[in-house]
Amino acid sequence: MEFQFQFDWQAAIDSIPYLAKGIPYTLLISFGGLLIGFVLGIIFGLLSINKNRFLRWPATAYIEIFRGTPILVQVLFIFYGLPDLIGGPIDPLTAGIAAIALNSGAYISEVVRGGVQSIDKGQTEAGLSLGLSRTQTFWSIIWPQAFRRMIPPLGNQAIVSIKDTSLFSVIGVGELVRQGQVYIANTFTAFEVYFVVAIMYLAITLSLSLVLRLLERRGVASV
Amino acid sequence: MTQIVKMKGMNKYFGKLHVLKNIDLTVEQGEVVVIIGASGSGKSTLIRCVNGLEEFESGSVEVDSHPLAPKGGNQKALTEIRKEVGMVFQQFNLFPHLTVRKNIMLAPMKVKDASQVVANATAERLLNRVGIGNQADKYPSQLSGGQQQRVAIARALAMEPRLMLFDEPTSALDPEMIGEVLDVMRELAKEGMTMMVVTHEMGFAREVADRVIYIHEGQIVEEGKPHDVFDNPQNERTQSFLSRVLAH
Chain X
1 MEFQFQFDWQ AAIDSIPYLA KGIPYTLLIS FGGLLIGFVL GIIFGLLSIN KNRFLRWPAT
61 AYIEIFRGTP ILVQVLFIFY GLPDLIGGPI DPLTAGIAAI ALNSGAYISE VVRGGVQSID
121 KGQTEAGLSL GLSRTQTFWS IIWPQAFRRM IPPLGNQAIV SIKDTSLFSV IGVGELVRQG
181 QVYIANTFTA FEVYFVVAIM YLAITLSLSL VLRLLERRGV ASV
Chain B
1 MTQIVKMKGM NKYFGKLHVL KNIDLTVEQG EVVVIIGASG SGKSTLIRCV NGLEEFESGS
61 VEVDSHPLAP KGGNQKALTE IRKEVGMVFQ QFNLFPHLTV RKNIMLAPMK VKDASQVVAN
121 ATAERLLNRV GIGNQADKYP SQLSGGQQQR VAIARALAME PRLMLFDEPT SALDPEMIGE
181 VLDVMRELAK EGMTMMVVTH EMGFAREVAD RVIYIHEGQI VEEGKPHDVF DNPQNERTQS
241 FLSRVLAH
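Order-wise, the sequence lines are chains X and B. Numbering-wise, the first sequence is residues 1 to 223 according to the UniProt record's numbering. Numbering-wise, the second sequence is residues 1 to 248 according to the UniProt record's numbering.
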């Protein structure tokens, strides 16, 4: 008997409406988490270069812990472990957003630190010598320049985090991969469905790349 | 005469290295003091102690009646001093993310709460004064080195300083651009600005300085009118330094 595999286009197309229900969750977890992660990154990134070591040390500890452990372990810990501690369940969406926030926050802290430290010391001296306070010098002179340099590595992190959300199918959030798994359980069309899932991730990450490239180009003239 | 800068027995260390030794120095209002010396002699560090970009370890420094304290003490005086003392750096240190106009408007608006209209008028007036009124909306990277340094001078002048510090303002410039920057400084001196200038431009020192100070290994070893220091140096270290820099 001859076995011939054929890509079933109809099966792929049929799966789209069901899979698409996962997109809002993927986007919500990614961008919700990244937004909080960005705030965490600014706070801990700046603390990690503070002169006061009692501020620096906790920031460094946070960065090392969340960079040094797998995000899958982090989300399992939050979803299954933390409820024991706080005495109540955590819903999977919250757990997912928290995991992306904490994990990307650690990486973004390093991006912030690197960006700020890459700005020449002469910029700070020029600001101070004009009578600006340290805070004014930082926010009106150092930060805008550092932020522009941070855009490419931030874009990188955003793409990594979007893909990381696929792991959260294990805690049952109805994101893209989870939707795919459920759909396949009924139709047995794994090849077609995962193909569509992959295309959907690609569509999200490519649109983001495009937006970032436009953002970067706008800032090129001045730095 | 009012003394703008008063240093008494000032000492500065970088770790164990004693970079400024027992410095006594006063600068009168309207005076142009040029500081010369070999690389690493401490001349840049000396003027950086005036506006607190470097801390000193002992002795006293008073700028326009605001007393600085050793080891960065007396932040209040430091804040006041920085509003009254302008500085021009070897590497210009313009803000690359802001246009020339915004570079100049920033400090008056942030520090003196000047309105946009007033700060803009100041910027245009000063840019015309340093001869680049038509470049206001360019970014620093679009200007030549000489133009950038003139913007840096305008930026410092926008705060209406009582004293201007120049830290090797022409050392990073191509030779053909040195003249245009020195011209602006010469004009400033003529208008009565009090200036402390660290430079290797001996011709400028001779022509513009009211007083020349020679520093060697962190000590003031010779001080006087340019004519005396250049043509009749008393200290043999000054003689040997001058013979090296004036020979070529």
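Be aware that a few hints might be false.
[As the list claims (entries may be wrong)] Each computed SDA-like pair below joins lysine to any residue, with the alpha-carbon atoms no more than 25 Å apart:
#1 B/Lys138 with B/Pro96
#2 B/Lys190 with B/Lys138
#3 B/Lys112 with X/Phe138
#4 B/Lys71 with B/Phe230
#5 B/Lys190 with B/Glu217
#6 B/Lys225 with B/Gly15
#7 B/Lys102 with X/Leu102
#8 B/Lys71 with X/Arg149
#9 B/Lys8 with B/His18
#10 B/Lys102 with X/Lys163
#11 B/Lys16 with B/Lys76
#12 B/Lys102 with X/Leu215
#13 B/Lys102 with B/Gln116
#14 B/Lys83 with X/Thr135
#15 B/Lys8 with B/Arg101
#16 X/Lys121 with B/Phe230
#17 B/Lys102 with X/Ala198
#18 B/Lys83 with X/Glu125
#19 B/Lys21 with B/Lys190
#20 X/Lys51 with B/Glu217
#21 B/Lys138 with X/Ile119
#22 B/Lys83 with X/Lys163
#23 X/Lys51 with B/Lys138
#24 X/Lys51 with X/Pro17
#25 X/Lys163 with X/Lys121
[What the hints assert, rightly or not] DEER-style ranges, computed between Cβ atoms:
#26 X/Ala61 with B/Glu191: 48 to 58 Å
#27 X/Ile43 with B/Asn134: 27 to 37 Å
#28 X/Ile49 with B/Gln75: 13 to 23 Å
It is worth saying that the hints were derived from the structure and are not from the lab. In this text, a Cβ means the ideal position worked out from N, Cα and C, and glycines have one as well.
The hints, checked one at a time:
1. B/Lys138 with B/Pro96: Cα-Cα ~10 Å, so holds.
2. B/Lys190 with B/Lys138: violated (29 Å)
3. B/Lys112 with X/Phe138: holds (18 Å)
4. B/Lys71 with B/Phe230: violated (36 Å)
5. B/Lys190 with B/Glu217: violated (32 Å)
6. B/Lys225 with B/Gly15: Cα-Cα ~34 Å, so violated.
7. B/Lys102 with X/Leu102: violated (38 Å)
8. B/Lys71 with X/Arg149: violated (34 Å)
9. B/Lys8 with B/His18: Answer holds: B/Lys8 to B/His18 is near 16 Å, not above 25 Å.
10. B/Lys102 with X/Lys163: Answer violated: B/Lys102 to X/Lys163 is near 41 Å, above 25 Å.
11. B/Lys16 with B/Lys76: Distance ~28 Å between B/Lys16 and B/Lys76 Cα, so the pair is violated.
12. B/Lys102 with X/Leu215: Holds. B/Lys102 to X/Leu215 sits at ~22 Å (cutoff 25 Å).
13. B/Lys102 with B/Gln116: holds (10 Å)
14. B/Lys83 with X/Thr135: Holds, because 16 Å separates the two Cα atoms, which is no more than 25 Å.
15. B/Lys8 with B/Arg101: The given pair, whose Cα atoms are some 39 Å apart, is violated under the 25 Å limit.
16. X/Lys121 with B/Phe230: Violated, at roughly 35 Å.
17. B/Lys102 with X/Ala198: violated (47 Å)
18. B/Lys83 with X/Glu125: At roughly 13 Å apart (the allowed maximum being 25 Å), X/Glu125 and B/Lys83 satisfy the hint.
19. B/Lys21 with B/Lys190: Not satisfied, since the Cα-Cα distance of roughly 32 Å exceeds 25 Å.
20. X/Lys51 with B/Glu217: Roughly 31 Å between the alpha carbons, so the hint for X/Lys51 and B/Glu217 is violated.
21. B/Lys138 with X/Ile119: The given pair, whose Cα atoms are some 21 Å apart, holds under the 25 Å limit.
22. B/Lys83 with X/Lys163: violated (51 Å)
23. X/Lys51 with B/Lys138: The hint is violated at about 36 Å.
24. X/Lys51 with X/Pro17: Roughly 54 Å between the alpha carbons, so the hint for X/Lys51 and X/Pro17 is violated.
25. X/Lys163 with X/Lys121: Given pair X/Lys163, X/Lys121 is violated - Cα atoms ~37 Å apart, limit 25 Å.
26. X/Ala61 with B/Glu191: 48 to 58 Å: holds (57 Å)
27. X/Ile43 with B/Asn134: 27 to 37 Å: About 44 Å separates the Cβ atoms of X/Ile43 and B/Asn134, which means 27 to 37 Å is violated.
28. X/Ile49 with B/Gln75: 13 to 23 Å: holds (21 Å)
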